[in-house]
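Peer 1: Okay, here's what each chain looks like letter by letter:
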Amino acid sequence: MNKENTRDTDESHALEATTLPASSREDKDKVQAKVVIFNNWCKGCGLCVAFCPKDVLEMSSDGRVHVVAPERCIVCHWCDTHCPDFAILVRPLDEDSNGGQAS
Amino acid sequence: MSPRLLQGNEACALGALAAGCRFFGGYPITPSTDIAEVMARELPKVGGTFIQMEDEIASIAAVLGASVGGVKAMTATSGPGFSLMQENIGYAAMAEIPCVIVNVQRAGPSTGLPTSPSQGDVMQARWGAHGDHPIIALSPSTVREAFDLAVCAFNFSEKYRTPVILLMDEVVGHMRERTELPPTEMIEVVDRVQPHVPPAWYFPYEETSADVPPFASFGEGYRFHITGLFHDRAGFPTERLDEIQPWLERVFNKITRHMDDIIRFQEEWVDDAATVVVAYGATARSAREAVKIARQGGRKVGLIKLFTLWPFPGELFRRLAHDGKRFVIAEMNLGQLSLELERVVGRARVRGVHRADGRLITPDEILQTIRRRSGRTES
Amino acid sequence: MTRETHEAYAYLRHDKRFPNMWCAGCGIGIVMGSLVRAVAHLELDKDQVAIISGIGCTGRMPVYLDFNTMHTTHGRALAFATGLKMARPGMTVIVVMGDGDALAIGGNHFIHAARRNIDLTAIIVNNSIYGMTGGQVSPTTPTGKLATTAPYGNVDQSFPIAELAKAAGASLVARSTVYHVAELDKLLVKAIQKKGFSVVEAVSYCHTSYGRLNRAGGPVDMMRALKENAVTVKASAKMSTEELTGKIVRGLLHEADLPEYTELYAQVIAQAQAQAEEGQT
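Chains as they are written, first to last, in this note's numbering: chain A, 10 to 112; chain B, 64 to 442; chain C, 30 to 310.
Just so you know, the hints here were simulated from the structure itself, not pulled from any lab data.
By construction, the Cβ of each residue, glycine as well, lies at the ideal position given by its N, Cα and C atoms.
Accuracy of the hints is not assured; some may be wrong.
[As the list claims (entries may be wrong)] If you only want the chain A side, here are some residues facing chain C, beta carbon under 7 Å, derived:
id : residue
1  : VAL45
2  : TRP50
3  : LYS52
4  : GLY55
5  : HIS91
6  : ASP94
[What the hints assert, rightly or not] Taking lysine to any residue pairs in the SDA-like style, the calculated list, with each CA pair at most 25 Å apart, reads:
id : chain 1 : residue 1 : chain 2 : residue 2
7  : C       : LYS276    : A       : ALA59
8  : C       : LYS45     : B       : MET157
9  : C       : LYS224    : B       : ARG286
10 : C       : LYS256    : A       : CYS85
11 : C       : LYS45     : B       : GLN431
12 : B       : LYS108    : C       : GLY119
13 : C       : LYS75     : B       : TRP310
14 : C       : LYS219    : A       : CYS85
15 : C       : LYS45     : B       : TRP264
16 : C       : LYS215    : A       : ILE83
17 : C       : LYS45     : B       : GLU283
18 : C       : LYS223    : B       : GLU117
19 : C       : LYS276    : C       : GLU192
20 : C       : LYS256    : A       : ALA59
21 : C       : LYS45     : B       : TRP310
22 : C       : LYS45     : B       : GLU117
23 : C       : LYS256    : A       : TRP87
24 : C       : LYS224    : B       : GLU117
25 : A       : LYS43     : C       : LEU41
26 : B       : LYS108    : C       : GLN300
27 : C       : LYS75     : B       : GLU117
28 : A       : LYS43     : C       : ALA39
29 : C       : LYS215    : A       : PRO101
30 : C       : LYS75     : B       : PRO309
31 : C       : LYS45     : B       : PRO258
32 : C       : LYS45     : B       : PRO276
33 : C       : LYS256    : A       : VAL84
34 : A       : LYS63     : C       : ASN258
35 : C       : LYS223    : B       : TRP310
36 : C       : LYS45     : B       : PRO309
Construct the complete structure from the given sequences, taking the supplied hints into account.
Peer 2: Encoded structure:
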């Protein structure tokens with residue numbers, strides 16, 4: 010599954026999921042983090058999906074990981090410290106205001 | 064500098080220091096150990112590094128690591144150690160890392176005769192490392208030449224970004240001669256070319272008109288990749304034919320397009336000679352004596368003493384053969400460089416004087432063959 | 030660690046083709062991430078960092094990293110690194126090797142680098158197999174397990190990495206796994222900072238060869254096994270030999286303050302120069 014593309018570092022082209030259709034969100038949920046997946050680098054190994062403690066991620070039919078429930082993310086950073094391909098990144102939304110390490 | 068009694072190995076070490084060598088990584092082995100001992104004593108005085116590594120493989124590896132760090136580096140060994148070093152010599156050729164490997168040849172194969180001379184590693188110097196790669200190998204026949212060719216070896220390695228093998232033999236390495244070394248200001252020292260461009264534009268394996276890409280040192284702001292895999296101009300591994308083919312061409316061109324500079328030899332009495340004696344290393348001393356005696360006896364004999372064994376100076380011999388000359392080649396092996404000579408001028412024109420039993424070839428042995436060679440054409 | 034995960038990208042070579050060449054789920058990429066975070070945490074100058082590797086899947090790591098990188102010959106990375114470190118003692122030289130590269134063909138160089146206590150950080154990614162060449166037995170393949178060159182089960186004992194490194198003279202020895210990355214990050218920081226020969230064994234897995242041959246599952250299963258079988262140094266002290274069978278002891282295993290080789294040689298240089306000035310040699 011090795012793709013030949015160079016890395017696109019612009020996060021806006023990556024698969025973000027911070028906003029969901031209103032019908033799927035509960036009022037008390039507060040999205041804590043932006044979970045970014047770099048499609049071109051994800052090999053679909055499934056580690057992040059299997060070990061995410063909050064089922065934020067799912068493997069999709071295209072063989073890559075999709076973020077299905079970003080509001081459940083507790084910013085544990087298991088996924089982005091264990092991804093062998095640097096294909097997933099968790100950015101806490103309050104990162105800049107706190108200015109520091111959140112985990 | 065006033066003349067002094069100097070050992071061949073010692074002169075080799077002094078030549079290396081004069082050429083700017085500041086790193087020696089080696090392992091003791093007769094008859095090369097004196098070089099290590101001189102370097103162990105002298106290098107720290109000039110702020111250089113000597114390290115005795117755990118084996119010869121580690122020695123050449125450390126040499127390459129130091130060279131990549133920008134320091135002129137060398138090792139010294141003999142047959143068994145030279146065999147061990149081949150993989151990393153090949154790595155140096157592939158990665159184009161300057162370094163000097165001294166092989167003070169002793170009789171082989173295997174443990175052989177540790178304290179007896181030979182010239183049995185000539186072919187190994189050319190093809191010891193696997194795969195197709197060019198190499199430069201030089202051979203001194205006097206203590207002074209050991210100094211000069213050590214300097215030359217470093218200069219070639221820096222100029223052409225290649226490993227260079229200094230093929231000595233036990234006799235030249237261990238003999239002591241009254242030697243006058245050149246004054247420092249007379250010694251030409253060549254350094255590797257540094258990049259002309261900023262780091263973002265630097266490609267360590269770029270094709271340039273000089274055939275030899277500049278070689279930045281680690282730690283100087285140029286961060287690049289070195290590998291023994293086939294690589295592109297950035298040093299990244301590749302399997303592309305359009306990157307492998309040009310590399311092969313350029314790396315061989317590095318040598319073949321600079322033969323004028325790389326081929327060094329000395330000729331005496333060749334112009335009117337019908338027979339030319341070809342020799343190198345300790346054997347060249349006997350050869351010269353034989354040629355002198357033959358000339359005194361009225362024979363038209365000349366001498367070519369080779370300093371550069373590889374690349375083989377084919378053009379030189381082709382030209383001489385074209386002029387109708389015949390050859391006697393003497394070497395302390397059972398026929399190694401003679402194969403190259405035969406290849407170039409034809410077997411019919413070549414007679415060999417060979418022995419591989421740890422004994423020097425005497426002037427008399429060479430004279431006998433000269434007489435047989437030239438007997439039918441002259442009195 | 031948040032900021033550092035994001036900052037890791039600045040340490041990858043922007044002109045190198047990604048994704049990396051390892052199998053999906055391979056632990057080597059995880060070690061690479063840990064290494065990069067450690068370097069980022071220490072705020073090291075990229076120009077003064079060198080990564081030297083041997084041959085094998087782990088050997089493919091340096092090319093992806095924006096430092097001074099060198100992919101050398103099988104087993105010899107520590108010897109190359111010794112030369113570079115002696116020539117440039119100010120550089121941070123990190124050596125990455127697989128278990129076969131470091132301990133089989135590289136065993137002798139491993140011993141002597143430790144004996145010298147030269148200031149290098151040796152990271153051994155231990156997946157207990159020769160992965161690149163298709164799954165042959167390695168010095169750390171557990172007894173009884175299958176490999177392509179041990180089709181009846183391996184009869185060898187596993188190489189005692191930590192004991193040997195310590196006995197030979199290393200001043201820091203540590204072990205963690207690609208599951209326990211937070212610990213691995215910290216140990217790598219400590220190892221890189223330590224002046225002397227530091228060994229960090231990063232226990233990983235090869236699901237492609239070892240996993241298939243030994244029915245150990247895919248990356249998720251093998252990752253889970255690391256989680257379940259690793260015990261801390263502290264916990265292991267209270268466990269019996271039987272309880273420890275098949276367990277991975279993780280943490281800082283050994284640390285000592287010992288004379289470091291480049292510093293010792295600097296003294297040799299000073300001595301030689303002083304003697305030369307006095308006309309003694």
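Peer 1: Work down the list of hints and note, for each, if the structure agrees.
Peer 2: Right, here's what the structure says about each hint:
Taking 7 Å as the C-beta cut-off, the interface hint given for VAL45 (chain A) is violated, the closest approach to chain C being about 10 Å. At about 4 Å, the closest approach between the beta carbon of TRP50 (chain A) and any beta carbon in chain C falls short of 7 Å, and the interface hint on this residue holds. Checking LYS52 (chain A) against chain C by beta carbon gives a least distance of about 4 Å; that is within 7 Å, so the hint holds. Hint status for GLY55 (chain A) relative to chain C: holds, with the closest Cβ pair at about 6 Å, below 7 Å.
The interface hint given for HIS91 (chain A) is met, as the beta carbon of that residue sits about 6 Å from the closest beta carbon of chain C, less than 7 Å. The criterion of a C-beta within 7 Å of any C-beta in chain C is met by ASP94 (chain A), whose closest approach is roughly 5 Å, and the hint holds. Restraint check for LYS276 (chain C) and ALA59 (chain A): satisfied, since their Cα atoms lie roughly 23 Å apart, inside the 25 Å limit. As the CA atoms of LYS45 (chain C) and MET157 (chain B) are separated by approximately 20 Å, the hinted pair is consistent with the 25 Å bound.
About 24 Å separates the Cα atoms of LYS224 (chain C) and ARG286 (chain B), which keeps this hinted pair within 25 Å; it holds. Distance check on the hinted pair: LYS256 (chain C) and CYS85 (chain A) sit about 16 Å apart at the alpha-carbon level, within 25 Å; holds. Straight-line distance between C-alpha atoms of LYS45 (chain C) and GLN431 (chain B) comes to about 65 Å, which puts the hinted pair past the 25 Å bound. Taking the CA atoms of LYS108 (chain B) and GLY119 (chain C), the gap is about 20 Å. The hint holds against a cut of 25 Å.
Of the supplied pair hints, the one linking LYS75 (chain C) and TRP310 (chain B) is violated, its CA atoms being roughly 29 Å apart against a limit of 25 Å. Of the supplied pair hints, the one linking LYS219 (chain C) and CYS85 (chain A) holds, its CA atoms being roughly 23 Å apart against a limit of 25 Å. At roughly 15 Å between alpha-carbon atoms, LYS45 (chain C) and TRP264 (chain B) fall within 25 Å of each other, so this suggested pair holds. Our distance criterion of 25 Å between C-alpha atoms is met by LYS215 (chain C) and ILE83 (chain A), whose separation comes to about 22 Å.
Pair hint LYS45 (chain C) plus GLU283 (chain B) holds up; C-alpha atoms about 21 Å apart against a cutoff of 25 Å. For a cut-off of 25 Å, the pair hint linking LYS223 (chain C) to GLU117 (chain B) stands: about 24 Å separates their Cα positions. For the given pair, LYS276 (chain C) sits about 16 Å from GLU192 (chain C) by alpha-carbon distance, which is consistent with the 25 Å threshold. Between LYS256 (chain C) and ALA59 (chain A), the direct Cα distance comes to roughly 13 Å. Compliance with the 25 Å bound is thereby established for this hinted pair.
Distance restraint check for LYS45 (chain C) and TRP310 (chain B): the Cα-Cα separation of roughly 19 Å lies within the 25 Å cut-off, and the hinted pair is therefore satisfied. For the hint linking LYS45 (chain C) to GLU117 (chain B), the alpha-carbon distance of about 36 Å lies beyond 25 Å, and the restraint is violated. A hinted pair counts as satisfied when its Cα atoms are at most 25 Å apart, and LYS256 (chain C) with TRP87 (chain A) qualifies at roughly 13 Å. Our distance criterion of 25 Å between C-alpha atoms is met by LYS224 (chain C) and GLU117 (chain B), whose separation comes to about 22 Å.
Taking the CA atoms of LYS43 (chain A) and LEU41 (chain C), the gap is about 22 Å. The hint holds against a cut of 25 Å. Proposed proximity of LYS108 (chain B) and GLN300 (chain C) is supported: the alpha carbons are some 8 Å apart, at most 25 Å. Between LYS75 (chain C) and GLU117 (chain B), the direct Cα distance comes to roughly 31 Å. Violation of the 25 Å bound is thereby established for this hinted pair. Only pairs whose Cα atoms come within 25 Å are accepted, and LYS43 (chain A) paired with ALA39 (chain C) is accepted, the gap being roughly 19 Å.
Proposed proximity of LYS215 (chain C) and PRO101 (chain A) is supported: the alpha carbons are some 22 Å apart, at most 25 Å. For the suggested pair LYS75 (chain C) and PRO309 (chain B), the alpha carbons sit about 31 Å apart, so the restraint of at most 25 Å is broken. Between LYS45 (chain C) and PRO258 (chain B) the CA atoms are separated by roughly 21 Å; this keeps the pair inside 25 Å, and the hint holds. Between LYS45 (chain C) and PRO276 (chain B) the alpha-carbon distance is near 21 Å, which keeps this suggested pair within the 25 Å criterion.
As the CA atoms of LYS256 (chain C) and VAL84 (chain A) are separated by approximately 20 Å, the hinted pair is consistent with the 25 Å bound. Of the pairs offered as hints, the one joining LYS63 (chain A) and ASN258 (chain C) holds, with about 23 Å between alpha carbons and a cut-off of 25 Å not exceeded. Using a Cα cut-off of 25 Å, the hinted pair LYS223 (chain C) and TRP310 (chain B) is violated, with the two alpha carbons roughly 41 Å apart. As the CA atoms of LYS45 (chain C) and PRO309 (chain B) are separated by approximately 21 Å, the hinted pair is consistent with the 25 Å bound.
When held up to the earlier numbered hints, the structure conflicts with 1, 11, 13, 22, 27, 30, 35 and fits the remainder.
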